[in-house]
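Top to bottom, those sequences are chains A and B. Residue numbers for the first sequence follow the numbering used here, so the first one is 1 and each next one is one higher. Residue numbers for the second sequence follow the numbering used here, so the first one is 128 and each next one is one higher.
Because the hints were derived from the structure by calculation, they are not lab data. Some clues are possibly wrong.
Lysine-lysine pairs mimicking BS3-like chemistry, simulated, CA-CA at most 25 Å apart [to be verified]:
#, chain 1, residue 1, chain 2, residue 2
1, A, 94, B, 313
2, B, 318, A, 103
3, B, 245, B, 313
Spelled out from the first residue to the last, the chains are:
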Amino acid sequence: MQNKNKILIIEDDEVLQSSLYEIISMSGYEAIIAKDGTGGYNLAIREQPFLILLDLNLPHMYGLTILEKIRTECGTWGRDVAIIIITNQDPDNKILDSLEKYKPSYYLLKSNLNLADLMSNIKLCEK
Amino acid sequence: MDNLELLRAVILLVGWPLLIVGALYIFYNAYNFYKAVNSTPIAKLVPIFAITTIITMISLGLVSTYYMMSDLEDGVRHVLPIFIIWFVLMMLILIYSHRMDKKALRYNDLLIALDRSKSDFITISSHQLRTPLSGIKWITELLLANKIIIETSEIKEKINNIHHSTDKMLALISNLLYIVKLDTGKMVIHKTEFDIVHTLTSIINQLTPNSEKNNQTIKLINNISQEVLIKSDKTLIEEIIKNITSNAINHGSKNSEIKVTLGMDEGKKNHLEISINNQGEVIDKHRMTNMFERYSREEATGSIGEVGGLGLYIARSFARLINARIEVCSDNISGTTFKIKLH
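Using the sequences plus the hints, can you model the full thing?
Next comes the structure, spelled out in structure tokens:
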């Protein structure tokens, strides 16, 4: 059962993690945090949030692997859950193929991203 | 056929092909050398030297042939030493140049490897720098959302400055990464359908804080419709427009208006045109040709730090990748206008 108010942050950098946690909590959502890929994937299955903020370069499991596993191995929730990729990696062909296949809601570059814009994107996913 | 006639036949049969190969070899090397030094004063001397040498060689061949044909005994006797010297010299040049080519190839491989290391270093360090800088940027945003700080204008201004500087540094890092990708041919083009009006509005919103520092306003004039869908690489188009608008902000007069106009190309009616106009100093022809060069001083003047002299170079390189064209016109009356013609 998808948790309508819960957002999972999978991010290994502590400063970015706490900034995301703060802005999401301030906006009235319940934020949960995972610091690595495997932990993030397990937490996603257990908590079934309505949205996942997913970094790509994560310890233990690469972000695109998490995206693929959620879309293909987690039933209806996995197919429907909104996933926003926030990374500092410019998309190459391999990433573009994966985006085409597993359709995250957004692919955002952290360096270009304002927290206010991120919240607007999250609001759009809610609809 | 006596010995002298046989000797003459050998000289002619070996000498002429060798002379032609030598002339071609000089021509080929002179051409390569000319290409390598064509921006230096020495370049003018290269064709003169090559043509003079080739004409001297052929003349010597013709005179020797005529001499041997008209007077067999004296001709062969005088031409033979010249022919031997010429033959040995040609062989030495060919052997030496073959060794040099091998050496040059080795150096070339080494240079390619060094260049790759340089690109990798820039790419890795830029990616590593992006994360902590994003952290600083987000923290300043959170601080600016804090009520206590908003009420203290001095602190607010300082945090705003940190935010602005971090944004500039992130833009500079992005530009460095784009340069590496352009140099290594790793720029990925990904076409999607998107609304260009929405893109323009979003870029204007992003750049408005920069223009406000100069008391400038950015106005969007849409001559088409509320929504204009195009299929192209969104990131590349965004970067082209962003870099040119930033340039207009940096070079535009204070208290002026920057106009971003979306319309159809007057020459080709079914093609879109985005023009970005600013009032300010007129750009002369010399500056117009230089401004799209990498690390252009023309561009960097007055805008250093914003784009580091890379913005217009990146804009033009990206435009080429998506078959778009950038035209510039500048005069006292209508100011400076950059036209981006999307095909």
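Results for each hint:
1. Among the hinted pairs, residue 94 (chain A) with residue 313 (chain B) is consistent with the structure: their alpha-carbon atoms are about 13 Å apart, no more than 25 Å.
2. Distance restraint check for residue 318 (chain B) and residue 103 (chain A): the Cα-Cα separation of roughly 16 Å lies within the 25 Å cut-off, and the hinted pair is therefore satisfied.
3. Proximity of residue 245 (chain B) to residue 313 (chain B) is assessed by CA-CA distance (about 15 Å); at most 25 Å being required, the pair is judged to hold.
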